[in-house]
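Q: Next come the chains, spelled out residue by residue.
Protein chains: 2
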Amino acid sequence: MSRKRIVVIGGTAAGPKAAARAKRLDENADVTLLQKAPNLSMASCGYPYYVAGSVKERDKLLATPAGVVRDPAFFAGAKGVAALTGTEVTAIDRAAHTIAWKRAASGETGHLPYDKLIIATGSSPKIPPIPGRELAGVTTLASLEDADLLREKAKAMPGGRAVIVGGGLIGMETCEALTDAGLAVTVVEALPQILGFLDPELALLVANHAKAKGAAVLTGVGLSEILGANGAVSGVRLADGRELPCSLVVLAIGVAPNVALAKAAGLELGATGGIKIDAHMRTSDPDIYAAGDCVEVTNRLTGQPMLAPYGDLANLEGRVAGENAALGDTATFPGTIGSGICKVFDFAAGSTGLSERRAREAGIDVVSAVNAGSDIPGFMGAKLLVSKIVAEAKTGRILGFSCVGPGNVNRQVAEMAMAILGGLTVDDLAMADLPYAPPYSLAIDHAIASAHILQNKMRGLMRSVGNGEIKARLDAGDRPLLLDVRGPKEFERTRLGLGETLIPVGQLRKRLAELPQDKTTPIVAYCGVSMRAYEAQRMLLAAGYDNVTVMEGGLAAWPFAREK
Amino acid sequence: MSRKRIVVIGGTAAGPKAAARAKRLDENADVTLLQKAPNLSMASCGYPYYVAGSVKERDKLLATPAGVVRDPAFFAGAKGVAALTGTEVTAIDRAAHTIAWKRAASGETGHLPYDKLIIATGSSPKIPPIPGRELAGVTTLASLEDADLLREKAKAMPGGRAVIVGGGLIGMETCEALTDAGLAVTVVEALPQILGFLDPELALLVANHAKAKGAAVLTGVGLSEILGANGAVSGVRLADGRELPCSLVVLAIGVAPNVALAKAAGLELGATGGIKIDAHMRTSDPDIYAAGDCVEVTNRLTGQPMLAPYGDLANLEGRVAGENAALGDTATFPGTIGSGICKVFDFAAGSTGLSERRAREAGIDVVSAVNAGSDIPGFMGAKLLVSKIVAEAKTGRILGFSCVGPGNVNRQVAEMAMAILGGLTVDDLAMADLPYAPPYSLAIDHAIASAHILQNKMRGLMRSVGNGEIKARLDAGDRPLLLDVRGPKEFERTRLGLGETLIPVGQLRKRLAELPQDKTTPIVAYCGVSMRAYEAQRMLLAAGYDNVTVMEGGLAAWPFAREK
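Sequence order for the protein chains is A and B.
Residue 558 in this note's numbering sits at position 558 of the first sequence; the count goes up by one each step and never skips.
Residue 1111 in this note's numbering sits at position 111 of the second sequence; the count goes up by one each step and never skips.
In isolation and in its complexed conformation, chain A is listed as follows (with noise of 0.2 Å):
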């Protein structure tokens, strides 16, 4: 019997996984993997933190936990994979079934006969094309070499102006590690809000939360050129005609998947202009696998195809697409929901499943609630957590979680992304059964909560809206009373500041002749978080008042001006 011959194309997570895994479960094939870039398995995820400063070693962004450098020969003698780096792939010929390589250092070039390919080839940081972007002082944060000139930037330059462009996660991420190196950083974002995973108020969170940290965001403005002097930077142009001056410009408006080469080959594009596989990740060549950030994917919750460029989904594909390489279709991906998490300074933000613009966008009839409380008791320590839940309106199904703050939300998204994964209605998530301790967690956890009140609402025992409505109502000249149902320390310390009226909730049953006497007067009622406003509105409505709306997530959640 002839060795089978397993070719990857890819070194950096999908390609690595696929190669070693198909080797695994054939150790009689013949598997080689060739890459482009100098290294191998680069945990690029970790850039930030290495141009930030706090991952110090260069090494360990390319170790095993057992601190070995996955090199060519850590691939050759601990996994069995020929491991060739330095070595672009230029064409496949699917007729012939080889794939031509070139080595960059030496100009050689040759050809490798495969049985079954694997294509990994990731993606490329998009370039917007406007004029300067050629300019020393001007680079991405997508390989190591970007890493390593970011890093050397960042010391060089304390106290250095530096211009992001893009606040999308590796802009925030970014944004962080280099207000921590010392710069002045100013990220400038096209959409009118950062993070476009999240909801606007959300996401406005944690544009609060960044500049708070002195970092400055702008949004809803676009760049229309780099300002060079000499062939670097001096600054930016916006759209708006602002210049800001600056010795350093990151580009991190997205990616787009590698598919050059595919394309070339005659293999099928999606929509989305990722490489098109099915459900075991092979390509329209029956004899050609596709892993990783260059292929589209499905979204398990719209049925949509998407490109879904992350780190470890794409480990997951490499799985896929290795083991079926080698024992033919044996494995299935069933697509993402979508979830992500990153760090922006003492902030979280995480997601899974559909945000509500989202779900709205494609179809889907949903209802949300937004909860703002602590992650573990106040007696332990607790930390806020400003999260929004979305469901499907007719079934309950949960569709969605975003969730931001100083407090614990990886385990919040984490168990969440488990909830929509396991079809979780919200009367489930009402009664679910979760570890709890002080130190871990609510009596009644976080998420849990949500469920709490997304029920209630849904049942019609509460009403209430969020916080972005209010403003928009507010706005346009509407002029309800503001009822603040807090204790006056409370009020004293912040408050909104637009003429509300205080009456704490455990006083509002003999104090109801303070409120309008006409009873259909809107009223808009809140607290920190606005569970004690939800009390006050059960009161209300008993009382006749039935125009009487919550204000989701209180003034915990208000990502507006407020006084004090």
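Careful, some of the hints might be misleading.
27 Å max Cα-Cα, derived DSS-like pairs, lysine-lysine [claimed, not checked]:
hint	chain 1	residue 1	chain 2	residue 2
1	B	1519	A	4
2	B	1060	A	564
3	A	60	B	1564
4	A	383	B	1383
5	B	1519	B	1457
6	B	1383	A	60
Rather than coming from a laboratory, the hints here were simulated on the basis of the structure.
Keep in mind it's a predicted model, so treat the numbers as computed, not measured.
Fit chain B to the known structure of chain A by using the hints.
A: Frame of chain A; chain B shown alone:
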């Protein structure tokens, strides 16, 4: 229309939740809550941290997130609930629809009529029937008064000796609290292991950690007597005759439901001794509900009745009972899967669903796998997690997950609780889509890696057993070739010390000649966490060695003695 009278017996967790929920849903109801203890809504899970001194202010255990102490005035104002403290309910007259009460301070008695009654009488610590239990210095940690006493005792006797009877959740939390407070602590557990919700090997890792932190942990030995002098504790005598001097004994052998009142009223009790309830939290009397530690609930995985005296469930049960008392049986409580977590010094120990032992006791044919690994990447400061996943053999449905270690156990157990609630299978979990970023998890999350291991095992790709089985074989005289496939530096740092052979995995293909030429000699392969051992097994299998067993979790999960 006459106002509905809802009476709630018990004011710690389930009771206040039920009372407040009932009032919110029916503002026109008269809701009365009677509490035997002097305080209301005590955060009893926080007692260990109050004893240790990390929670400084007693009031914080009684206060809302906004800092208001939950006393009768608070309940009257904010909740609209009449709360009577220091007031014991002495009898329920079901025919007359009244309860009899007695005030401890004044001796005053009276009756109160109800339309709907909610019993939330909680549980009491079990007291072992041994001589000396009445001595001064013998206590439990079940009430705020107990916590006050222990806190004072701990302050008054720095360097003193304490014995904790029982190595369950409360016993181990108290062990940490008293050690942190400066006492020399010995835990005495009659069962062969501490923390009965864990399988033995994981429990042993936690016990090892507690010992490393200075506590003594004795398992498999009961207490026969508490020794005294002048009416105060002077030590304990163990069942094996050993005597341990001490001046403080904390009894923590579990709790029993408080059902005397319900039993005297003729309400049906369950086989476990808890009050029997239906899915609406209704007792055998249609006008009486029960919730919290005093009830028997259904295990959702086995269908069997069980006691589940946990604060989080008490709140959920109270919410259901309160709603149903107010509105009729509109809410249901689905039962528990058994989720819990506790902090033991720098370790967390958590579990959700069934341990392997409990699943087998319930007659379920299960498969399991131990996984040891990092919580986050090494370059971010990884900490160890050791876990065991349990699934139904026939269907692959996940039934249980336990996890211990210094790493982020909290996220793991929370997400796996949701996975179990959602009915996920091992295959589902293997392709789960979780939030990933280096500060928060690995690219392949620990739980997903656990699914990969178990999936490989179920498909026969990996042949592995737990270290408990390996240890038992060695103890029985088996002498397999112990094959350590780590690097020489790792071997220098620590090793089993049982005559093992070291061949690094990267050299294995070339050094097969060093293995027994008789390819059927049993080989047990392992490494740091046994990922490389799995690779070694795949190589060896292809080379004809078909009697190779991987020791799950490798050295990181090995809880027995080793060299260095």
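Q: Does each hint fit the structure? Answer for all of them.
A: Here is how each hint holds up against the structure:
About 26 Å separates the Cα atoms of residue 1519 (chain B) and residue 4 (chain A), which keeps this hinted pair within 27 Å; it holds. Between the alpha carbons of residue 1060 (chain B) and residue 564 (chain A) the distance comes to roughly 26 Å, so the proposed pair stays at or under 27 Å and holds. In summary, the hint linking residue 60 (chain A) to residue 1564 (chain B) is supported, as the alpha carbons are separated by about 26 Å, within the 27 Å threshold. With a C-alpha separation of about 22 Å, the suggested pairing of residue 383 (chain A) with residue 1383 (chain B) holds against the 27 Å cut-off.
A C-alpha spacing of about 21 Å is found between residue 1519 (chain B) and residue 1457 (chain B), which places the hinted pair at or below 27 Å, so the restraint holds. A distance of roughly 15 Å separates the Cα atoms of residue 1383 (chain B) and residue 60 (chain A); the hinted pair therefore holds under the 27 Å criterion.
In terms of the numbered hints stated before, the structure departs from none.
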